[in-house]
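Protein chains: 2
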Amino acid sequence: MTILVENLDYVVDKKLNVYKNVDILIKKEYENENENITKIIIGKNLVKKENLNKNDLKIINGKNKCAMPGLTNTHTHIPMTLLRGIADDMILQNWLNEKIWPNEAKLTEEDVYYGSLLGCLEMLRFGITSFNEMYFFSEEIMNATKQIGLKGVIGFPIIDFGTPESKDLNKLLKMAENFIKKHKNEKIVKPAIAPHAPYTCSKETYIKCKEIADEYNILLHTHISETRYEVVEMENNIKMRPVEYLENIGVLDSNVIGAHLVWITKDEVKKLARHNVKVSHCPGSNMKLASGGVMPLVEMLNEGVNVSIGTDGPASNNNLDILEEMKITALLHKAHRWDPTVGDVDTVLNMVFNSEILGFENNDIVLLDINSPHLRPVNNIKSNIVYSANGNDVDTVIVNGEVLLKNKKFIFGDKFLNDVYKKIDKIIKEKFNIGEN
Amino acid sequence: MTILVENLDYVVDKKLNVYKNVDILIKKEYENENENITKIIIGKNLVKKENLNKNDLKIINGKNKCAMPGLTNTHTHIPMTLLRGIADDMILQNWLNEKIWPNEAKLTEEDVYYGSLLGCLEMLRFGITSFNEMYFFSEEIMNATKQIGLKGVIGFPIIDFGTPESKDLNKLLKMAENFIKKHKNEKIVKPAIAPHAPYTCSKETYIKCKEIADEYNILLHTHISETRYEVVEMENNIKMRPVEYLENIGVLDSNVIGAHLVWITKDEVKKLARHNVKVSHCPGSNMKLASGGVMPLVEMLNEGVNVSIGTDGPASNNNLDILEEMKITALLHKAHRWDPTVGDVDTVLNMVFNSEILGFENNDIVLLDINSPHLRPVNNIKSNIVYSANGNDVDTVIVNGEVLLKNKKFIFGDKFLNDVYKKIDKIIKEKFNIGEN
Numbered sequence: 001m002t003i004l005v006e007n008l009d010y011v012v013d014k015k016l017n018v019y020k021n022v023d024i025l026i027k028k029e030y031e032n033e034n035e036n037i038t039k040i041i042i043g044k045n046l047v048k049k050e051n052l053n054k055n056d057l058k059i060i061n062g063k064n065k066c067a068m069p070g071l072t073n074t075h076t077h078i079p080m081t082l083l084r085g086i087a088d089d090m091i092l093q094n095w096l097n098e099k100i101w102p103n104e105a106k107l108t109e110e111d112v113y114y115g116s117l118l119g120c121l122e123m124l125r126f127g128i129t130s131f132n133e134m135y136f137f138s139e140e141i142m143n144a145t146k147q148i149g150l151k152g153v154i155g156f157p158i159i160d161f162g163t164p165e166s167k168d169l170n171k172l173l174k175m176a177e178n179f180i181k182k183h184k185n186e187k188i189v190k191p192a193i194a195p196h197a198p199y200t201c202s203k204e205t206y207i208k209c210k211e212i213a214d215e216y217n218i219l220l221h222t223h224i225s226e227t228r229y230e231v232v233e234m235e236n237n238i239k240m241r242p243v244e245y246l247e248n249i250g251v252l253d254s255n256v257i258g259a260h261l262v263w264i265t266k267d268e269v270k271k272l273a274r275h276n277v278k279v280s281h282c283p284g285s286n287m288k289l290a291s292g293g294v295m296p297l298v299e300m301l302n303e304g305v306n307v308s309i310g311t312d313g314p315a316s317n318n319n320l321d322i323l324e325e326m327k328i329t330a331l332l333h334k335a336h337r338w339d340p341t342v343g344d345v346d347t348v349l350n351m352v353f354n355s356e357i358l359g360f361e362n363n364d365i366v367l368l369d370i371n372s373p374h375l376r377p378v379n380n381i382k383s384n385i386v387y388s389a390n391g392n393d394v395d396t397v398i399v400n401g402e403v404l405l406k407n408k409k410f411i412f413g414d415k416f417l418n419d420v421y422k423k424i425d426k427i428i429k430e431k432f433n434i435g436e437n
Numbered sequence: 001m002t003i004l005v006e007n008l009d010y011v012v013d014k015k016l017n018v019y020k021n022v023d024i025l026i027k028k029e030y031e032n033e034n035e036n037i038t039k040i041i042i043g044k045n046l047v048k049k050e051n052l053n054k055n056d057l058k059i060i061n062g063k064n065k066c067a068m069p070g071l072t073n074t075h076t077h078i079p080m081t082l083l084r085g086i087a088d089d090m091i092l093q094n095w096l097n098e099k100i101w102p103n104e105a106k107l108t109e110e111d112v113y114y115g116s117l118l119g120c121l122e123m124l125r126f127g128i129t130s131f132n133e134m135y136f137f138s139e140e141i142m143n144a145t146k147q148i149g150l151k152g153v154i155g156f157p158i159i160d161f162g163t164p165e166s167k168d169l170n171k172l173l174k175m176a177e178n179f180i181k182k183h184k185n186e187k188i189v190k191p192a193i194a195p196h197a198p199y200t201c202s203k204e205t206y207i208k209c210k211e212i213a214d215e216y217n218i219l220l221h222t223h224i225s226e227t228r229y230e231v232v233e234m235e236n237n238i239k240m241r242p243v244e245y246l247e248n249i250g251v252l253d254s255n256v257i258g259a260h261l262v263w264i265t266k267d268e269v270k271k272l273a274r275h276n277v278k279v280s281h282c283p284g285s286n287m288k289l290a291s292g293g294v295m296p297l298v299e300m301l302n303e304g305v306n307v308s309i310g311t312d313g314p315a316s317n318n319n320l321d322i323l324e325e326m327k328i329t330a331l332l333h334k335a336h337r338w339d340p341t342v343g344d345v346d347t348v349l350n351m352v353f354n355s356e357i358l359g360f361e362n363n364d365i366v367l368l369d370i371n372s373p374h375l376r377p378v379n380n381i382k383s384n385i386v387y388s389a390n391g392n393d394v395d396t397v398i399v400n401g402e403v404l405l406k407n408k409k410f411i412f413g414d415k416f417l418n419d420v421y422k423k424i425d426k427i428i429k430e431k432f433n434i435g436e437n
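Here the protein sequences line up with chains A and B, keeping their order.
Going by UniProt numbering, the residue at position 276 of the first sequence is 276; the numbering climbs one at a time, nothing skipped.
Going by UniProt numbering, the residue at position 72 of the second sequence is 72; the numbering climbs one at a time, nothing skipped.
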């Protein structure tokens, strides 16, 4: 059904144009099980111009609302919602060895499914309509993503010493390929291959993953240069830095999306640009884990690298709020460079209205409730979005022409939500020894 | 009326103790126009223990809620809500000269009153029950604060070259003294004297302000070492750094609250500690304006300085959300020191449950709605507050035993709110040439 959002106070479109007092039409022009083509039209008198009958339309009141495109979260591990807050304020290696890995080892497929549902609900609540994921039991994450109705690139993770899906690397690669074959023709969700990082995957593993990515024309999602430690180790061992190394073994390409890229040189930035590598910047996680370096945003943008924003997993952030992450991005780069002109409003908005980086057309609409003291007055609506708003200001989310959140309520109903919460409380009580008593 | 919050999932008290499945009693033990003594009791079976009749109580359902003390915002300029978003991403001097000062000069007493109402509403919405303010037309800010019902220290600003209240310094000092005399016996709001900064106030002005602070036993609220520029200027001119200078002229004392303190040495930290100077840390504003330095939080806490958190004005933040500022504080110090163990959860909570720094007992209660995907599961409630929550998660706010926000709605009603918004839209349209068309 075509949707008309009437009498919007503001619209910011994906080219960052600002409109006042307009309507939006969200028209499904073609639809089948796996695909739909949804068109967004912004303007006045759209019912007349498009020759429509108002009775055929689903009408949403846009008063005191600002519409914007769906937000994109380009690096996350959503089942880690289960581990939210389980360990903070720790040195990375202790955090991983003592808290994250031992607890992750206890998770079953069902646990990952429920953690994924929670992550999808959180992202939907915060206006994220597309995301780029990497976590084990990918099939369960795929199921949860489809059930909630988000656009997701679900990366099947590969680590040489194995994951909870299998300890056998060859078996894991086979499973990944099967996962990709099974889902490669879907349009609203997409499979990807996700070799974890150059320090956990061999050269042969990366090359095999790249072959799979090329064969099925999918994304290769990987961590690159998140910590100084891994860079120093690699330099000591093979006299190359991670980006140089990945170029050297022939992995860098426009179907690669790298997360973090915190400890890189200007020369590595140029390599990323030359190979059209896509980048997910995760400022909140890098700051919280005290990675030390700061991703060279200005240099990347100057070289033309396609940079987007990721929250990373909720155990190292500890939420999936891209609106919050937008502000953190702006603040971090200004502070880092002693220059308030960098990380400006338009730069940051371009990074999050960027579902195209994942291969999804951005035809989703998010309505922000601007009838709240912290979003008044509107001297500059784009500034209010980046610097004043947070995820909870999202009021309505329309993904692929379907209303999934309305008046800050999920369309799935309270029972569904409560069942998910209950199930998750049970998981953390049984698995992590944290619970009601 | 005594309030009973029943069946709370969690309570975090001001000593950071965590309770599960308890109730809270909020008892007014004494009350007159200017003062009330409100007692908070946490536990089970409180009605019986305190020998009360449930019919005499106002009952609030605490299910799916976490209670915590009221939050404190120790440095702000709330009428600058009017200027929110009017200029971002600019060099500080241009921002002030081209955007802030020319627009501030247009503001009337009535404008400041409405801007203050909006600021108080925003803080209340975000669980801030006490704040430390500095802006001209202080009487209007005082009126707005009392009208909304927050605890405020309202500083009368002094600048040698004048403020919109008067261009005559002596007249300004006289007005400040009258303001202080008028309000000095009030308990829920307090007057303060606020010499702007060492680069805008002479030695004589600071000494006079300190005399007034001492005479009336009130706070002296001032900016100190916000930018490198002012430090370098002072070192060039008088061979002293700002904290040294203020010590030298006899201003530093336990009734001084200094904001920012970004560019200071370890020796200056020791001076602050020795004189029991109170400090307001404003990380979001410092990052946004690219002040460059980072307040030495770890050194301050090691020396025993009483440090709290301020949002600064909404033109340089651009909101008054202390929950957001808590996360920014934690992230900034971890990133700055390459050490994830600093700016930990307890350190940050202590900084914001700190109304005592302003001389207000913290007997206010904030209920967070934890029935939201991003606050699930609760592996660690204090972590969820610092790292996962934002201001909009505040559900209910009880200040001085009065419920001022309930179920995320102000008790003042929609009409009051809409009238404030309308009035403010009119102000920005007329004054700043920004409006509906």
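A hint or two may mislead.
Pairs involving identical chains hold if they fit within one copy or between any two copies, as the list cannot separate such chains.
Below 20 Å or equal to it, Euclidean Cα-Cα: the simulated SDA-like pairs (lysine to any residue) are [as the list claims (entries may be wrong)]:
1) Lys-422 to Asn-21
2) Lys-422 to Asn-7
3) Lys-422 to Val-47
4) Lys-409 to Asp-369
5) Lys-408 to Asp-369
6) Lys-423 to Phe-179
7) Lys-409 to Asn-371
8) Lys-426 to Asn-371
These aren't lab readings, by the way, just hints derived from the structure by calculation.
Results of checking the hints against the structure:
no. : hint               : in the structure
1   : Lys-422 to Asn-21  : between (43 Å within a copy, 16 Å between copies)
2   : Lys-422 to Asn-7   : between (39 Å within a copy, 17 Å between copies)
3   : Lys-422 to Val-47  : neither (44 Å within a copy, 30 Å between copies)
4   : Lys-409 to Asp-369 : both (13 Å within a copy, 14 Å between copies)
5   : Lys-408 to Asp-369 : both (9 Å within a copy, 14 Å between copies)
6   : Lys-423 to Phe-179 : neither (26 Å within a copy, 58 Å between copies)
7   : Lys-409 to Asn-371 : both (17 Å within a copy, 12 Å between copies)
8   : Lys-426 to Asn-371 : between (37 Å within a copy, 16 Å between copies)
The structure is inconsistent with the numbered hints 3, 6, although it conforms to all the rest.
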